[in-house]
Amino acid sequence: MRRVVITGAGTINALGHDVPTTMEAFRQGRCGIGPLEFRDVDRLSIQIGAQVHPWKAEDYFNRQQILLYDKFTQFALLAAKQAVAQAGLDFQGALGLRSGVVLGTAGGGLNTWDENYRTVYEEGKNRVHPFVVPKLMNNAAASHVSMEFGLRGPAFTVATACASSNHAMGLAFQMVRSGGAQVMLTGGSEAMLCFGGVKAWEGLRVMSKDACRPFSANRNGMVQGEGAGVFVFEDYEHAHARGADILAEVVGFAMSSDAQDIVMPSAQGAERAITAALHDAGLNPEDVGYINAHGTGTAANDKTECAAVAHAFGHHADRLMISSTKAMHGHIIGGTGAVELLACIMALRDGVIAPTIGYQEADPECGLDVVPNEAREARVDAVLSNAFAFGGLNAVIALRRI
29 MRRVVITGAG TINALGHDVP TTMEAFRQGR CGIGPLEFRD VDRLSIQIGA
79 QVHPWKAEDY FNRQQILLYD KFTQFALLAA KQAVAQAGLD FQGALGLRSG
129 VVLGTAGGGL NTWDENYRTV YEEGKNRVHP FVVPKLMNNA AASHVSMEFG
179 LRGPAFTVAT ACASSNHAMG LAFQMVRSGG AQVMLTGGSE AMLCFGGVKA
229 WEGLRVMSKD ACRPFSANRN GMVQGEGAGV FVFEDYEHAH ARGADILAEV
279 VGFAMSSDAQ DIVMPSAQGA ERAITAALHD AGLNPEDVGY INAHGTGTAA
329 NDKTECAAVA HAFGHHADRL MISSTKAMHG HIIGGTGAVE LLACIMALRD
379 GVIAPTIGYQ EADPECGLDV VPNEAREARV DAVLSNAFAF GGLNAVIALR
429 RI
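First residue of the sequence shown: 29, per my numbering; consecutive thereafter.
None of these hints come from the bench; they were simulated from the model.
Note that the structure is a prediction, hence the values are computed from the model and not measured.
Each residue gets a CB set at the ideal place from its N, CA and C atoms; glycine is no exception.
Any given hint could turn out to be false.
[As the list claims (entries may be wrong)] Restraint-style ranges between C-beta atoms, simulated for each label pair:
(1) R407 to Q288: 37 to 47 angstroms
(2) F159 to E65: 21 to 31 angstroms
(3) F159 to S73: 27 to 37 angstroms
(4) P82 to R146: 18 to 28 angstroms
(5) N248 to I94: 32 to 42 angstroms
(6) H344 to G178: 44 to 54 angstroms
(7) A287 to N312: 21 to 31 angstroms
[To be verified] Heads up, simulated BS3-like pairs for lysine-lysine below, C-alpha to C-alpha not over 30 angstroms straight-line:
(8) K227 to K153
(9) K331 to K227
(10) K84 to K153
(11) K84 to K109
(12) K237 to K109
(13) K237 to K227
(14) K331 to K84
(15) K227 to K84
Working from the sequences, and respecting the hints, build out all of it.
In structure tokens:
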């Protein structure tokens, strides 16, 4: 089995248009959540979110590209370009044949759906643009990333709600580790902040009207965000031979299904994914210093996740640092695990633990060290990133400092 390392990272989200800006926001505990700005927002009960500002597609893409790229594809392409530039890779020739892309998304081209439903139902038009289908399909971002860089190996999309990015990155890790690919671009992208996207989520009654407060006793729901995170996962021997700057090593991945409820999480299902990821990575519980939590800020998720961590880590749970960065960049749904992986890399590479901001009141059912409100300096050698999705789908990734 080959070792797998991360040699490039890129992002665009409410905290910043690149990785350095995002990591600085993590260090500062800056919140990217604010009033939503799009058509008909006044008809929504929920009017806050973590939008990417400023955002003008024309600053990055020409008219023909905008006709083909939904916003989630635009985000993915920008993040992928940053990651490839940092990695310093050229996929021409043989490397392109041994490289691929797997991305996660839950909503895909939701902005395109929203715009064209308006065209047909509200404006009464009988035709839509011929590019609507290739623009809205969930695999659009992965396909355009493959075309942008000439990646002729595996290329596909994973859609597992809020765990989509972690599942995508886990599968990319397994492909490089097994020798099925030499390099994989992986991560996720989401752009659900439009009228139809937020209106649909309102129906679940899990959204906060004022703030995201993970693990705090007075938490009252999640806040949606948008954006993308993309990474270069590379065979260690290949990266070492070319003198690449290695950000972290991916050492384990596991997934499980609760097989129980379509929306309510299960501590047992989450715990099985955590313990299996540790086993896959060859890590003992005591080896892990930090967990980036799923931490949505809902009553059910936060206490369930804390219970899962406590059971999985036993006596070491009290010495773990666990934080949720969703209070800063929002819940990016299918793209959230990718942006959150940046906090894991920052912990390993820079020794800075991103905080759980918005924390106000201790909750006995969330009695772990949640790094409240302020970043913390600490050396950690191994970390986990949790993702627990609607449908009872769990995916946990383990990274190690190198």
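Verdict for A287, N312 (Cβ pair) under range 21 to 31 angstroms
holds (28 angstroms)
Can the restraint linking K237 and K227 be considered satisfied, given a maximum Cα separation of 30 angstroms?
holds (13 angstroms)
Verify the proposed pairing of K84 with K109, using a straight-line Cα cut of 30 angstroms.
Roughly 17 angstroms between the alpha carbons, so the hint for K84 and K109 holds.
C-beta pair F159, S73: status relative to the range 27 to 37 angstroms that was hinted:
holds (33 angstroms)
Is the straight-line distance between the alpha-carbon of K237 and that of K109 30 angstroms or less?
Cα-Cα ~35 angstroms, so violated.
Between the alpha carbons of K227 and K153, is the straight-line distance 30 angstroms or under?
holds (23 angstroms)
Could you check the hint for me, namely that F159 and E65 are 21 to 31 angstroms apart, CB to CB?
Once the Cβ atoms are compared, 26 angstroms apart, the range 21 to 31 angstroms for E65 and F159 holds.
A range of 18 to 28 angstroms was offered for this pair. Does it hold for the Cβ distance of P82 and R146?
24 angstroms Cβ-Cβ, so the 18 to 28 angstroms window holds.
Need the status of pair K331, K84: alpha-carbon distance at most 30 angstroms?
violated (39 angstroms)
With respect to the beta-carbon atoms only, verify the hint that R407 and Q288 lie 37 to 47 angstroms apart.
For Q288 against R407, whose Cβ atoms are near 38 angstroms apart, the range 37 to 47 angstroms holds.
Given the proposed pairing of K331 with K227, does the C-alpha separation stay at or below 30 angstroms?
Given pair K331, K227 holds - Cα atoms ~26 angstroms apart, limit 30 angstroms.
N248 versus I94 beta-carbon gap, inside 32 to 42 angstroms or not
holds (37 angstroms)
Taken one by one, the earlier hints fail for this structure at numbers 12, 14, listed in ascending order.
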